[in-house]
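Residue-level listing of the chains:
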Amino acid sequence: EAGVAQSPRYKIIEKRQSVAFWCNPISGHATLYWYQQILGQGPKLLIQFQNNGVVDDSQLPKDRFSAERLKGVDSTLKIQPAKLEDSAVYLCASSPLRAALSPLHFGNGTRLTVT
Amino acid sequence: TQLLEQSPQFLSIQEGENLTVYCNSSSVFSSLQWYRQEPGEGPVLLVTVVTGGEVKKLKRLTFQFGDARKDSSLHITAAQPGDTGLYLCAGPAGTALIFGKGTTLSVSS
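Those protein sequence lines, which keep their order, are chains A and B.
If you read the first sequence in this note's numbering, its first letter stands for residue 1, the second for the next number, and so on.
If you read the second sequence in this note's numbering, its first letter stands for residue 1001, the second for the next number, and so on.
Just chain A, with the same shape it has in the complex:
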């Protein structure tokens, strides 16, 4: 099966600019996650979707970050305006179930550098 696809792989922007990331999950996976991974740390959950509905966005900085999953398949994550501390790898993951034992399948991420 095809894996989780993310684009772009790399993005360099200046602070206060906006940026968007795209994710295409594994076909049939109802649950989609966006994680932020700062260099040297583990992934931190930003938002979780079940189909096209938000399950958990408690850690999403909503003043600058937004995400949507229209039609319950692809998802986009946007940052506007970006700050220096947003420099990180943004990982998208999907799973077939919203369950503790369901493994997450990750994409290779988008590395964002904010200068």
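Just the calculated beta-carbon pair ranges, DEER-fashion:
#1 LYS15(A) <-> GLY1053(B): 47 to 53 Å
#2 SER1106(B) <-> GLY3(A): 24 to 30 Å
#3 ALA2(A) <-> GLY1082(B): 23 to 29 Å
#4 ASP1067(B) <-> ALA30(A): 31 to 37 Å
#5 ILE12(A) <-> GLU1017(B): 37 to 43 Å
#6 VAL1028(B) <-> TYR10(A): 36 to 42 Å
#7 ASP63(A) <-> GLN1014(B): 45 to 51 Å
#8 LEU1003(B) <-> TRP22(A): 30 to 36 Å
#9 SER1026(B) <-> GLN50(A): 24 to 30 Å
Please keep in mind that the hints were generated in silico from the structure rather than gathered at the bench.
Think of the CB as a built atom: it goes at the ideal place given N, C-alpha and C, for glycine as much as any other residue.
Mind docking chain B on chain A? Use the hints.
Positioned in the frame of chain A, the structure of chain B alone reads:
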């Protein structure tokens, strides 16, 4: 707030050595997962442990879930350069998965 603490943060060893990395929490988890992440890639699931005291083996990797389900360990026997990577433990928090900060392992030949 549930937290997962991993130790050591960094580990650099020679090929053929054995090592153990740890994942600890003050909270009880219903299950824990271990992932390995290589540079430029997303984490890949290695194993899920569910039962307190459970031991699972994956070739040279041995995973153990603590009896109280608050901790887990990963032991690698005769490490190889291909084992190099970031090892992450993860546990369920609500409907999502939270991760520890990971152990960066470097195995040199």
